[in-house]
Amino acid sequence: SQQGEEDPQALSIQEGENATMNCSYKTSINNLQWYRQNSGRGLVHLILIRSNEREKHSGRLRVTLDTSKKSSSLLITASRAADTASYFCATDGVETSGSRLTFGEGTQLTVNP
Amino acid sequence: DGGITQSPKYLFRKEGQNVTLSCEQNLNHDAMYWYRQDPGQGLRLIYYSQIVNDFQKGDIAEGYSVSREKKESFPLTVTSAQKNPTAFYLCASSMQARGNQPQHFGDGTRLSIL
Chain F
1 SQQGEEDPQA LSIQEGENAT MNCSYKTSIN NLQWYRQNSG RGLVHLILIR SNEREKHSGR
61 LRVTLDTSKK SSSLLITASR AADTASYFCA TDGVETSGSR LTFGEGTQLT VNP
Chain C
1 DGGITQSPKY LFRKEGQNVT LSCEQNLNHD AMYWYRQDPG QGLRLIYYSQ IVNDFQKGDI
61 AEGYSVSREK KESFPLTVTS AQKNPTAFYL CASSMQARGN QPQHFGDGTR LSIL
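Listed in order, the protein sequences are those of chains F and C.
Quick note: the first sequence uses the working numbering, first residue 1, plus one each step.
Quick note: the second sequence uses the working numbering, first residue 1, plus one each step.
Since the hints were made in silico from the structure, they are not lab data.
Be a bit skeptical, because a hint or two may be false.
[As the list claims (entries may be wrong)] EDC-like mimics (lysine to aspartate or glutamate), calculated; alpha carbons at most 20 Å apart, straight line:
id, chain 1, residue 1, chain 2, residue 2
1, C, K9, C, E72
2, F, K70, F, E5
3, F, K26, C, D59
4, C, K57, F, E95
5, F, K70, F, E53
6, C, K83, C, E15
Generate the whole structure from the sequences, applying the supplied hints.
Take a look at the structure:
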């Protein structure tokens, strides 16, 4: 079963606006990762946040993690047309001893020029 | 450049046929993974390998088989027992099979039924 569920399923914004995507999960985790996938390509790792961290930044990306609500958000600031892609969260569940990731179903982001 | 190479990019399978998808990495990673992605959906884990000569079933292993005879290679065979094989298949690797490490992905193989 899918551990992570992204919300919204699809998001369309104008260039320059901020984009926020949310991920909820069901069981306790060690870490949470965000990935990006361009159409027809493989996934690219964006950022990892550990369960004892609340916020992390990387360039225009800001990730938050609330383990009490079992949720994470990915914020992309000052979006560009090149940010158009699907974004997935992936969790490293305590019950699997960290040996594997479980991916959500993704948010399709479209940034209009 | 280091990375993961998947081949072929497109593959067609006839009824009753087994097909093998290739995945090679030159990142010196111990762990390798195979995922299946259906349209508009996330990734589901088929098999993963933490080290050479070892592999474990993921969530949807039925109808698939793998081998890990070399560190660099983790081929996936889609057998005739897999009745709905049409999907996008992604191979990934990480330094170790641990959730605090990023996974590196190939660009996928798209499998269709003839």
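We went through each hint and held it up to the structure:
Between C:K9 and C:E72, the direct Cα distance comes to roughly 19 Å. Compliance with the 20 Å bound is thereby established for this hinted pair. For the given pair, F:K70 sits about 11 Å from F:E5 by alpha-carbon distance, which is consistent with the 20 Å threshold. Simply put, F:K26 and C:D59 have alpha-carbon atoms about 17 Å apart, close enough for the 20 Å limit, and the pair holds. At most 20 Å may separate the alpha-carbon atoms for a hinted pair to count; C:K57 and F:E95 meet this at roughly 16 Å.
At most 20 Å may separate the alpha-carbon atoms for a hinted pair to count; F:K70 and F:E53 meet this at roughly 13 Å. The hinted pair formed by C:K83 and C:E15 meets the criterion: a straight-line CA distance of about 9 Å does not exceed 20 Å.
Going down the numbered hints, you'll see the structure goes against none, and every one checks out.
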